[in-house]
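Enquirer: Since the structure of chain A is already known, use the hints to place chain B on it.
Residue numbers (the working numbering), protein chains in the order written: chain A, 1 to 343; chain B, 1 to 117.
Treat the hints with care, as some may be off.
[Claimed, not checked] Going by beta-carbon spacing under 7 Å, a handful of chain A positions derived as facing chain B:
| hint | residue |
| --- | --- |
| 1 | ARG52 |
| 2 | LEU77 |
| 3 | GLU91 |
| 4 | GLY120 |
| 5 | PRO142 |
[Claimed, not checked] Label-pair restraints from in silico Cβ distances:
| hint | chain 1 | residue 1 | chain 2 | residue 2 | range |
| --- | --- | --- | --- | --- | --- |
| 6 | B | ILE77 | A | SER192 | 53 to 59 Å |
| 7 | A | SER185 | B | GLN47 | 56 to 62 Å |
| 8 | A | ARG196 | B | PRO85 | 48 to 54 Å |
| 9 | B | ASP24 | A | LYS236 | 51 to 57 Å |
| 10 | B | ALA45 | A | ARG59 | 35 to 41 Å |
Derived by calculation from the structure, the hints in this document are not laboratory data.
Beta carbons: idealized from backbone N, C-alpha and C, even for Gly.
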Amino acid sequence: MKATQNTTPPAQPSPQPNTPSDQQPGTAGPQTASQDSQPRVLLIDDSPDVHRLLSARLRTENLTIVSAANGAEGIKLAAANPPDIVLLDIEMPEMDGFEVLRALKDNPATLDVPVIVISGHSTMQDKVTAFDLGAIDYVTKPFEPTELRVRVRSALRLARLVRMLAQRAHIDGLTGLWNRTYFDSRCAECVSTNDRHSRPLAVALLDADHFKSVNDTFGHPAGDLVLQGIADILRKQCRATDVPCRYGGEEFAILMPDTAPEDARILCERIRNALEKIVWTRHPERAVTISIGLIGSGTRCPLPAGKWVESADKALYAAKSQGRNRTVVADLSSLGPKLAMAG
Amino acid sequence: MLTPGSPALPALTSEYATDPDMRDLVAEFVDAMPARALALQVALAEQRLRDLQRLAHQLKGAAGGYGFPTLGSAAGILESTLKSPGLKSADPAPLDRIRTQVDDLIALCSRAVAGPR
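Here chain A stands alone, though its shape is the one from the complex (with noise of 0.2 Å):
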């Protein structure tokens, strides 16, 4: 592992898939959902009598509908763009809707789309069944339009919840970033990329110096300012593509997908420049500096994720025990064909 203390002015980056200038900054971390847009409803049902009907009784519910005629160009539809809701027809040649419900629980990406069944059938067999399969509400043929209309309703307000719950969950509650949950579980996935396309991963570790000062000498509602002013560097500086974290304390992390280690470099300079030159309401006198570690590969690096943060972790204590307010590079690029070999 070759690392090296930046202490040259930021140079322009090599060609990389995903560079500090590719993207609008101030774009990443946790997005709101807006409110006010349009919700999207596939309908899946092979009768286009039913296809008019429903578009006719849920005109005035500002939505936008996808037909598809079968099972297999709902599923397809809704794989490549996960609708808000699904309304799906049990009766239908060749796949029919338990199929194609069993199917739309099994792919990750529609497993949490709520699905309501409209059916002819009216048996309570049918009902367990698409209940058990994952549906979340079951309407018979002819249905009642108002009634339709309120579950759809009651439906995309549920799954709106589900969603809201499930992202603050991984948020953190102080600075509003990515919480250590998120980090874990996003870090697992982009080594894994790396790991299988080769494709270029940056991971950077910030530490405040001396935060325990900032807290002891003008309190934790100061010490909390800072955080939160160390936030918005980070969601103002970061691109769309990046992954900012609260690492936990004063610490935070960044995961760059796509970004070799001397454009991750750059973009780190970047965030520790921009906190240096702060001046703190409550503190004007105490300038707040951060120390980063930063390990990064342009090519594969097959090692688990432990060791990728472990490896930040190494380069964040060098950049401390250098002298503190700097970040400091540890590139894995050469390293991963011998990992590779050794493996």
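Expert: Using the frame of chain A, we list chain B on its own:
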């Protein structure tokens, strides 16, 4: 040739005849009735019972939505008969029943009118 609103029996008017959201759709549904009746007749004549069942099932699901519950119920009765296990036996009785039910359904289709346009 099937003529919508045949004068022999009273016309079946859609429950949604005056619903502004539905008027045009109901008219389309009624206009397609002769083709639907023909499809039922042909499927029966060619003894394609699975196709006949599917047509009955679709009509059952849609007719009520267009304001023709009587038509939907008749289609539902035909669908149930076509699904009954007795159909597979050599007994010709169920097939006769199906013929009668298809005729009844077609008669109902011929009486369907959209209402005032």
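Enquirer: The structure should be examined with respect to each hint, and the outcome stated for every one.
Expert: Right, here's what the structure says about each hint:
no. : hint                               : in the structure
1   : ARG52                              : 6 Å, holds
2   : LEU77                              : 21 Å, violated
3   : GLU91                              : 5 Å, holds
4   : GLY120                             : 4 Å, holds
5   : PRO142                             : 3 Å, holds
6   : ILE77(B) <-> SER192(A): 53 to 59 Å : 57 Å, holds
7   : SER185(A) <-> GLN47(B): 56 to 62 Å : 58 Å, holds
8   : ARG196(A) <-> PRO85(B): 48 to 54 Å : 53 Å, holds
9   : ASP24(B) <-> LYS236(A): 51 to 57 Å : 53 Å, holds
10  : ALA45(B) <-> ARG59(A): 35 to 41 Å  : 39 Å, holds
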